[in-house]
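Chemist: Spelled out from the first residue to the last, the chains are:
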Amino acid sequence: MNPLILTTFFPLVGFVVIAFLGAQQKALIRWVALATSLVTFLLSLWMLAQFQVGPAGFQMNTGKLVWAIAGNAEISAAMGIDGLGLLMVLLTTLLTPIAILSTWESVRERVKGFMLFFLLLETGMIGVFAALDLVLFFLFWEFTLVPMYFLIGMWGGERRVYAAIKFFLYTMAGSVFMLLAIIYMGVQSGTFYLPDLIANRAQFAGVQLWLFLGFAIAFAVKVPMWPLHTWLPDAHVEAPTAGSVILAGVLLKMGTYGFLRFNLPLFPQASVQLAPWIAGLAVIGILYGAIVSYAQHDMKRLVAYSSVSHLGFVMLGIFALNLQGISGAILQMVNHGLSTGALFLIVGMLYERKHTREMEAYGGIWKVVPWMGALMLIVTLSSLGLPGLNGFVGEFTILLGAFGSQAIGSQVLVGVATLGVIFAAVYLLFLFERVFLGGMRHAENANLLDLNWREVAMLLPLLILIFWIGIYPKPFFDLIAPTAQNLVTLVQSAPYSALLGH
Amino acid sequence: MMQNDILTILPALIVAAWGIVLLVVDLWIPRDRKGITALLAVVGLLVALGVSAVLFPLHTLGFSNMTVLDGFAIYADMIILVSGLLAIGLSYDFIRRIGIDRSEYYVLLLICSSGMILMAHAFDLIVVFLALELLSIPLYVLSGFARPQPASEEASLKYFVLGAFSSAFFLYGVALVYGGTGSTNFAQIIHALTANTLVNPSLFLIGAALLLIGLGFKVSAVPFHMWTPDVYQGAPSSVTAFMSVSVKVAGFAALLRVFVQVFPSLASELTPILWALAALTMIVGNLVALVQTNLKRLLAYSSIAHVGYLLMAFVAYGNAKVVGNATASILFYLVAYGLTSFAAWGVVVAAEQLEGRGLELTDYAGLGRKYPLLGLAMMVAMFSFAGIPPTLGFWGKFYVFQATLQAGSVWLAVIGVVTSIFSAYYYLRVLVVMYMQPGDPTAHPAPWLNLVTGASAAAVVLLAFVPAAVFNLAQQALMWFGV
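Going down the list, the protein sequences come from chains V and W.
Position 336 of the first sequence, counting from 1, maps to 336 under the numbering used here, and the rest follow consecutively.
Position 115 of the second sequence, counting from 1, maps to 115 under the numbering used here, and the rest follow consecutively.
Among the clues, some could well be false.
Taking beta-carbon pairs under 8 Å as the criterion, some of the chain V residues facing chain W (in silico) [unchecked claim]:
#: 1; residue: M154
#: 2; residue: V187
#: 3; residue: L400
For the record, the hints were derived by calculation from the structure and aren't laboratory data.
These figures come from a predicted structure and were not determined experimentally.
Don't be surprised by glycine CBs; every beta carbon is placed ideally from N, CA and C.
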């Protein structure tokens, strides 16, 4: 049995089991959901064990199982995975059990519905990273909206309905253009199978700017790139903690993943042509996200805007269009999932204790909750890119790539982006200081409880990876390198590589 | 030859005859056991459905080429018959609950269905007109069935006046086409067109345009849609459910028959007009639906919007390479739209209270929590209408957009996707009210209603995993259609 297919669809087993449980059996439902997601994680580790590091192409490829014929084009249920997809799947399967664990205390109402949607979401997300057929990809892509919409809208904060609809409409508005681009390519070439389309990409050369934009709008909304980011703070703030973790950890990566998987190899010329523009938007996003983060009073909002800034770095790395840039971007996608996921978890823990996310309500609580403070410090430092932790490795590689990038072609621009690293230190340390350091501003905070075992269990895997990537990133780069190299080759082998100056 | 004649209209004949028999039989059914009438009506439709399935592979003309039997007609029959069955399931409890359980209800439904079936089998403009009247008149009565409710009476009258008006357009179109081609028979018109022996091409063109207007009224394409929201809102919900599916299927069967099979040569003149109709219908339907507060009106505008998507694929018919795919995509879309509609209307029927109350959006607050299964059906329906996978509605959109892009109408496709973003907003609003707002609504789930609603919703999801099955059926149906 193909481990990829098992991993993708195993959450549905838990879905079916929970569907038959009574809504009152809340504890049982939670355990089934957790067990399902843990087994899924183990399955993905098995997939990692089976994965051969080195060859570039897609592994565990199911081949073209033709599933439907649309006019002249075949739709196949093709799935397969390379280093990039594998890392994203692992990130998904790692964050899902952690997110489920985070709902233990905080989701008390309608537990059944929550877990049902969560497991559906997991299958949807893994499917996005595993699909090799454009229509199949789109099915998974669009489908992830449904559970997330309900997770935000039913279990979210005060303005949840507004945030849920905004999230749904923004994403859908972007993706319908991608659908048109996908159908157009299918109509022209008679296939939706990605490797075939890449092989025949020359036939789209004439309209590739339009096709690129069709895909790019969908992905840019998801990343989100400035100025299409405005759904993100609302969605993140209103979502329940588990939703925020998945949203930041995985759903945003679907956008950057899409650029890497589709835009670069399918439309190389447009990628090269638009690289300076996208890099420009990315840099605006980096600075804008950082500055707006600094102005927040709400911890969750601050972390949300920091995502805009961090994902700006990822975009900058991708459109450096060279090996370092792309490798760094892929690693930083993982890093951001770990660090920001952990940040949202800790903010969620504080919220569970005090029911407010205002920084003003805290202050000086490190003395009361030493463990939480220590872990928060590590996560903060990881997020701002302290050497020795994961964030540094990713950001450094990205900047290295961007400085040497002929596609971006402006070292000044990249120099400005570097300011973002400094800004990140400012707003993140500001967050840490306001919440954990200084004098106790509110006497009642003296009763705050420190981390319990469940919470330690949630944060520990993330911390281990934060240190691992920071100290010894080689195994990760080994996974990434063939994909990144392949992408660079695909972009440069296009007949227009003259533009790159190679 | 006689045998062939009968075969070409057999499904319509069975349904009509059964309706008349039922009218008589009903006199002997005791007042308190009128459920038997419904059951008998179901049996009649099932027999017709079985006969249709057997007839599917056949292809023949009958009654001096005035009627036709082919896969296309049978495909339309099947949707119409299934829609009739589902409508009876929705009605059974509902019409008793709101006190309109007169037994003519089922008879009218059968006769109306026979008219729709005849429309799909028509091969002569006069027969099309006959079928149009046969399906319309029972519908005028059914719309007013909830008398003495003013809304229902108003719906009936409005539908009747505007319907008669559109019939007049259609009939005038028939006359002009006759003047232009020398015949009302499709076989002879096709002959005249291919041999290029038109009596008067401009008369023919004007006639064809009038036919388009007449049928546009029936399928409620903008700007001929004005009656739709009022009629859909005023008519009893079970009738609206039936009407919103079957009439559109019959209307599109006639449109495709007349324009794709008989008038393909008019494509170059009509394409810009169809383009504008499709764009207008999508835009107006979706934009006006945004501001509706009554669920029946909202669904009425949504049905108009879906006609827009169907017309969008229809625009492609002038392109010889694409026309087969475009027609198949329309047939596919009709199935997706029909099943989705029944899932949605089932919930509306369950939630409707006496005298048309309980239909405002706010009345649905909390419905998803209190009635999880009804809520689930509505959720599936809304996502399918919005074209979100994994639903049949997604594939419907996929196929019509594909046909549109194949034909090269990129801008129309762009209008289509942009308006579908708007549509997502009002569909989501229904879900917001149902799931995310507190409330304590009263619904009346009944066994048959649950079955119809649940089966439709299940089919919408399950068939989405095998879209090829439905699409292949649609393609097979077109084997003798000449595309």
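Chemist: Look at each hint and say if it fits the structure.
Modeler: Structure-based check of all given hints:
With 8 Å as the threshold, the beta carbon of V/M154 comes within range of chain W, its nearest partner Cβ sitting at about 6 Å, so the hint holds. With 8 Å as the threshold, the beta carbon of V/V187 comes within range of chain W, its nearest partner Cβ sitting at about 5 Å, so the hint holds. Because the closest C-beta pair between V/L400 and chain W is about 40 Å apart, greater than 8 Å, the hint is violated.
Checked against the numbered hints above, the structure violates only hint 3.
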